[in-house]
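Taken in order, these protein sequences are the chains called Z and R. Residue numbers 638 to 874, in this note's numbering, belong to the letters of the first sequence in order. Residue numbers 377 to 1090, in this note's numbering, belong to the letters of the second sequence in order.
It should be emphasised that the hints constitute simulated quantities derived from the structure, not laboratory data. Only a predicted model underlies this, so the values are computations on that prediction, with no experimental measurement involved. Cβ coordinates follow ideal geometry from the N, Cα and C atoms, glycine included. There could be a bad hint or two in this list.
Stated by the list, open to error - Here are some, though not all, of the chain Z residues that point toward chain R, as calculated from beta-carbon distances under 8 angstroms:
1. Asp757
2. Gly758
3. Arg764
4. Ser772
5. Pro776
6. Thr778
7. Phe782
8. Gln800
9. Met805
10. Asn815
11. Ile818
As the list claims (entries may be wrong) - What follows is a list of derived Cβ distance ranges for each label pair:
12. R:Trp592 x Z:Ala787: 43 to 49 angstroms
13. Z:Glu865 x R:Ser628: 29 to 35 angstroms
14. Z:Ala787 x R:His627: 42 to 48 angstroms
15. Z:Gly741 x R:Pro679: 54 to 60 angstroms
16. R:Asp1071 x Z:Gly728: 55 to 61 angstroms
17. Z:Gln717 x R:Glu777: 37 to 43 angstroms
18. Z:Gly726 x R:His627: 21 to 27 angstroms
19. Z:Ser813 x R:Thr720: 36 to 42 angstroms
20. Z:Ser811 x R:Trp592: 45 to 51 angstroms
21. R:Glu979 x Z:Gly728: 52 to 58 angstroms
22. R:Pro679 x Z:Val835: 30 to 36 angstroms
23. Z:Thr844 x R:Asp1082: 47 to 53 angstroms
24. Z:Gly726 x R:Arg591: 40 to 46 angstroms
25. Z:Thr844 x R:Pro502: 24 to 30 angstroms
What the hints assert, rightly or not - A few chain R residues facing chain Z, derived, Cβ under 8 angstroms:
26. Pro555
27. Arg559
28. Glu780
29. Pro783
30. Tyr887
31. Glu889
32. Arg1087
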Amino acid sequence: MGPFLEMKTHHTTAALLVLVALLAGCGNDQKPSSLPIKAIVQAQIAKLKGGGQAAPTGPVAEPDGATLAEGRRVLQEGGQPVIAVTDRGLGLATFMVPLGSNSGVITWANPEYQTIAMRDGVILATRGFGADLMSAEAPTTERLFTGTGAHRRVYYVLDGADQTQKLMFDCQLSVSKNETIQVLGLGYETKKVEEACVGGRGNLTNTYWFDENGTIRQSRQARIPGAENMQLQAIID
Amino acid sequence: MPRISTASAKSCAVLLLGLATFGAWQAAAETGVSLNLSGAPGLIDMPSGGAIATENLSVSISGFGPISRSTISFQAAPWLSGSLRSTTTRHWNDLVCPPSCTGDDSLEKYFDRSLDLRFHVLNEGPVLPSVTVGLMDILGPGVQSGEYIAATKHFGEKLALTGGLGWGRLASQGAVGAPFGPRPAPKNDGALAFEQLFTGNVAPFAGVEWRINDRWTAKAEYSSDAYAEEAGTRGAFDVASPLNFGIEYQHSQMLKFGAYSLYGTQIGFAAQIILDPGKRPGGAIGGAGPTPVKPRPAYADDPEAWSGEWITQAEAAPVLIENLAKFLERSGVKIEALSYTGTTAQVRFRNGSNDAEAQSVGRVARAMTHIMPASIEVFEIVPMANGVPASKVVLKRSDIEALEFAPDNAAVLRARAQIVDVGAPMANLLGNPEIYPDFKWSLAPYVRLRFLDPGAPVSGDAGLRLAARYEISPGVVLHGSITQIAFSNIGTSTAGSGNGLQPVRSDAEVYRENGSSAVETLTASWHGRIGQDFYGRVSAGYLEQMFGGVSTEALWAPAGKRWALGVEANYVAQRDTNGGLGFSEYDYSAVTGHLSGYFNLGEGYQAQLDLGRYLAGDDGGTLTLTRRFENGWKLGTYMTLTNATDAKTVDRGIQIEVPISWLTGQPNRTTKPITLQPFIGNAGARLQVDDRLNDLLFDYSSAGLDEQWGRFWK
């Protein structure tokens, strides 16, 4: 009969299992392949706790080039795209893999089922963070890449009584200077674009670093208005 | 009976008027308002012209000398708030007994409950002050009764001045005349004493607040309350001066403490909590995110996936059920049954842990996009409550696929969804064999709290409860619980035992003393859908701590309507106090029952009117107004009038339910960790039965689902 009615273990969960195995390095698992991942994540978290400075006095050393290269190799072996997410407000440093895709919007997830849905690197929704972005009207990547002009941006969030709040912003794009950025041991020449938004409930700024292919290689975007920006890096395409 | 119903009509009219015009007033209440020792916006012992923020709840506990008060207040609308207060006065009979030691004079401690209403008639502007008109103890016998008009004006951020005029007890010091004639003697009939309002002497009062910094505020006032009864007649304490002074410390956004010097002879303390039930303290609800929607492949890409042939596959249904169940396991949702045609699939589910039903519906919809064959276009999602199919959410799969990341996706999807009566079951409905029979048990500590009890402001007992629940088939449940009391501070709860009524509630203390180990409940129950929009319940056995018997109920709740009608009939006998299974100690049985009307007033307000016979054989009615917050909070106020109630026993009070998820920010279905119940007298006492139909089904109705529809995509 139809091939779709057999018992399934969800392929989505299977995708996460790979990531779980990699991140097991955060626990007591001393599998050699997880060690560089562990070092990278711990350094990242230490950085967050150090208020953005390199870990001041802590025992966590900044991973050296060899560790980063080894970490990248391990992630590559997973055979699927990977992004790195850090959020100082949440004290979060994590890797995410694709959990689903719908009309060009990819939902990225970590093993805790915290998810970020993005169209070509622009956040459209988050889940599992408590205060989540439920939906959004956001510019396309092509629009952002131009680095000029104005647009309207809308965030839909739930308030403490679970009622939808529509938060509107007027945004202006500008191109900042070109920068070379480091993404897990690899350097990228990038065009840096700032999206400065003014709204009834305060202002926010999203920043995007486009690599030479026009891909958002790194960004700092508001999860919800009022929260500190998340940093997102596309590690494995 | 006639005069009591007049009172009910008047006070209900006041409340309903308040609800009807709710929303017409958009002006914001002033921030930083503090409370007085009576829990009303005010200075120290005097009221002010301010109001707390709309829909905020305040709890105040205060004491000075022999007087202690606990008050719960709710700002129902920008212009209306109400307070329920218990006041205990010690040394009540020091001066009078002997010689007079009868009636109230026999009491060393005098307990009083009072209800206040406040009308915030003017918001503070650049020139005008904020103004409040207050009615204190509007239904009571008169010791606490008084009226006032108070105005408060801020000068800069630090200074606020208050001045006002008081009547009744607020004119017992420094009266300047009686502009509206003498004050008639109180009638003590439990009715709203309209003829007393703003009569008799009037006296001015005034005060000043100085905000030292964000944490500390200093206050001083001139009080127009001489405590004529407490200090004068009964000598419970001495009043040497009308001047009061105090200092208050803002501990956190919700909590404030105060220390005071009162009437020249007394030291006082207060704790005030002001909280916003609409807002979770930790912000939004947490919990793991959902697995995203899986769109179907385009027909051209995979025609085989779209084939309807699978419907002939004999094993399809059990496979689909198992796959759905596995998929939803981590979301706390259980699949009860599945049925389908080639294009429509109906999933019946129960919600295990999500506090918002709409979130569960959303999780089921997403699971169906993964599991159901592509030919299925219509999803019918049926939430089950105690085995009852409570409603049916009909969604188009293509809408779910298209709207997952659309702006304002919840509202757009809701406009395309239907929430209707479940209708007749589809032909091939197949139950999940994993669900029934279902056995659960728990051993956990419990706390039963009562508020405003005569013996103590907060009383109750705590201990261990062993409970078991066996669901035999959809709607058929055996349930039992036994309790072991470990601590209890129940006072002498005998008020209301008069009237020659059967002690259906006033022997609560005896039940606790004799039944420290008790069979709390032991019941068999059936819940079911009888017909379109029509539901039934039968419960039999040891229904509650004090009564056992049979309870039957029917509810007519048309989908999409703002109202529902119910009827309940019970035959019960009073249980022995030792917590065992006997009925011989009282030899009392009763037929009780009610006709009930439920009205959804909008804005989260519900009204319920019950008319019928109560446990002690008295006849009358109960009006309940409940504010249901979308996040699970419930604040209810009720009043019961029967042919056996009088001014002292008229049963009025409040009920508060706080969902655990509000406190923890984690999804949870448990909604009764904190229920504050007032003292219940024998008159107007209702049988306590678990899972009455309207309580059970409302969350799953279209109105209940709509309140939290924003959570569909969470």
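When the nearest CB of chain R is found for Asp757 (chain Z), is that gap smaller than 8 angstroms? 13 angstroms, violated
Restraint: Arg559 (chain R) near chain Z, CB-CB cut 8 angstroms. Satisfied or not? 44 angstroms, violated
Does the Cβ distance between Asp1071 (chain R) and Gly728 (chain Z) fall inside 55 to 61 angstroms? 40 angstroms, violated
Does the Cβ distance between Gln717 (chain Z) and Glu777 (chain R) fall inside 37 to 43 angstroms? 23 angstroms, violated
Does the Cβ pair Glu865 (chain Z), Ser628 (chain R) satisfy 29 to 35 angstroms? 23 angstroms, violated
Return the status of the interface hint for Glu889 (chain R): holds when the least beta-carbon distance to chain Z is below 8 angstroms, violated otherwise. Since chain Z brings no Cβ nearer than about 43 angstroms to Glu889 (chain R), farther than 8 angstroms, the hint is violated.
Have a go at the Phe782 (chain Z) hint: is there a Cβ in chain R nearer than 8 angstroms to its own Cβ? Because about 20 angstroms separates Phe782 (chain Z) from the closest Cβ in chain R, which is outside the 8 angstroms limit, the hint is violated.
Given hint Thr778 (chain Z) near chain R, where the shortest CB pair must fall under 8 angstroms: Violated, because the Cβ-Cβ distance from Thr778 (chain Z) to chain R comes to roughly 15 angstroms (cut-off 8 angstroms).
For the hint on Tyr887 (chain R), does the least C-beta distance to chain Z fall short of 8 angstroms? The hint is violated - Tyr887 (chain R) has no Cβ within 8 angstroms of chain Z, the shortest such distance being about 39 angstroms.
Can Asn815 (chain Z) be said to touch chain R, with a Cβ gap under 8 angstroms? 31 angstroms, violated
Given Arg764 (chain Z) as an interface hint, is its Cβ closer than 8 angstroms to any Cβ of chain R? 3 angstroms, holds
Does the closest beta carbon of chain Z sit nearer than 8 angstroms to the beta carbon of Pro555 (chain R)? Violated - the Cβ of Pro555 (chain R) stays beyond 8 angstroms from chain Z, reaching only about 45 angstroms at its closest.
In the structure shown, a violation is registered for the earlier hints numbered 1, 2, 5, 6, 7, 9, 10, 11, 13, 15, 16, 17, 19, 21, 22, 23, 24, 25, 26, 27, 30 and 31, in ascending order.
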